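Visitor: Chains as they are written, first to last, in the working numbering: chain C, 49 to 162; chain E, 323 to 440.
Do not take every clue at face value.
To be verified - Pair by pair, the computed Cβ-Cβ distance ranges are:
(1) 351/E - 60/C: 41 to 51 Å
(2) 74/C - 363/E: 20 to 30 Å
(3) 130/C - 364/E: 42 to 52 Å
(4) 120/C - 383/E: 23 to 33 Å
(5) 49/C - 390/E: 24 to 34 Å
Said to hold, decoys possible - The calculated SDA-like cross-link candidates involving lysine to any residue, where the alpha carbons are at most 25 Å apart (straight line), are:
(6) 97/C - 364/E
(7) 97/C - 107/C
(8) 363/E - 61/C
(9) 117/C - 98/C
(10) 149/C - 390/E
(11) 149/C - 350/E
(12) 149/C - 336/E
(13) 106/C - 90/C
(14) 106/C - 159/C
(15) 336/E - 409/E
Calculated from the structure, these hints are not laboratory results. Computed from a predicted structure; not experimentally measured. Just so it is clear, CB atoms sit at the ideal spot from N, CA and C, and this is done for glycine as well.
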Amino acid sequence: AQSVTQLDSQVPVFEEAPVELRCNYSSSVSVYLFWYVQYPNQGLQLLLKYLSGSTLVKGINGFEAEFNKSQTSFHLRKPSVHISDTAEYFCAVSQRSNDYKLSFGAGTTVTVRA
Amino acid sequence: GAVVSQHPSWVICKSGTSVKIECRSLDFQATTMFWYRQFPKQSLMLMATSNEGSKATYEQGVEKDKFLINHASLTLSTLTVTSAHPEDSSFYICSAIRTSGTTDNEQFFGPGTRLTVL
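Can you make the complete structure from the sequences, with help from the hints?
Guide: So this is what it looks like as structure tokens:
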């Protein structure tokens, strides 16, 4: 089984400032890692994913994340946020097996202020 | 590509009635779909895995007789909340995985259905 811990429940940030959302995972086997964004009353949209290869993953809307196997982390970063980045962000992990199940972290609420 | 829709987007029903929620993959075939529920300010909790042509697999603690899942085709899965009660009020989200052409486990999510039971 795998689990995900998002270390920050809420992150307030000023517009054009950088933001980092922290995610740690635990698993006894190799995993795929994902970051999703959820806007109010909507489903989830994939920001980026790590499958293999380069540990620095670039996603949509200027987000990137770095996979660190030794620290079992997959932190999400954006160098300059916009008001429109205000949303809920979820880190998720899936085992490299055929069950495709995702385990989600508790989520981080990002609030961008002008 | 990879669009998933849900219908209805919101529904209000009386306690004791049943409600059906549809999840459709619009531009791809999905052998496997998932159903999640999300309470306010909380994460997504997996309820069940829906497999086309076979019985759904429910997560521990989810009542299969209360949450009926049918995956009758490669593009449609339905979740029926039977004899709904106020505690079933929640945001229900489905996701789907492409039948072919993928090895990365990516799930495509629907926009969600807000269920309110009075």
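Visitor: All hints, please: hold or fail.
Guide: Going down the list of hints, with the structure as the test:
Between residue 351/E and residue 60/C the beta carbon distance is about 43 Å. The supplied range of 41 to 51 Å therefore holds. For the hinted restraint 20 to 30 Å between residue 74/C and residue 363/E, the CB-CB distance of approximately 24 Å keeps it satisfied. At roughly 26 Å, the beta-carbon separation of residue 130/C and residue 364/E lies outside the given 42 to 52 Å, and the hint is violated. As the Cβ distance of residue 120/C to residue 383/E is approximately 27 Å, the hint placing it in 23 to 33 Å holds.
Taking the beta carbon of each, residue 49/C and residue 390/E are about 27 Å apart, inside 24 to 34 Å as hinted. Taking the CA atoms of residue 97/C and residue 364/E, the gap is near 22 Å; set against the 25 Å cutoff, the hint holds. Between residue 97/C and residue 107/C the alpha-carbon distance is near 8 Å, which keeps this suggested pair within the 25 Å criterion. Between the alpha carbons of residue 363/E and residue 61/C the distance comes to roughly 19 Å, so the proposed pair stays at or under 25 Å and holds.
Our distance criterion of 25 Å between C-alpha atoms is met by residue 117/C and residue 98/C, whose separation comes to about 11 Å. Proposed proximity of residue 149/C and residue 390/E is supported: the alpha carbons are some 19 Å apart, at most 25 Å. Under the criterion of a C-alpha separation no larger than 25 Å, the hint pairing residue 149/C with residue 350/E is consistent with the structure, at around 19 Å. Proximity of residue 149/C to residue 336/E is assessed by CA-CA distance (about 33 Å); at most 25 Å being required, the pair is judged violated.
Distance restraint check for residue 106/C and residue 90/C: the Cα-Cα separation of roughly 23 Å lies within the 25 Å cut-off, and the hinted pair is therefore satisfied. Between residue 106/C and residue 159/C, the direct Cα distance comes to roughly 22 Å. Compliance with the 25 Å bound is thereby established for this hinted pair. Between residue 336/E and residue 409/E the alpha-carbon distance is near 12 Å, which keeps this suggested pair within the 25 Å criterion.
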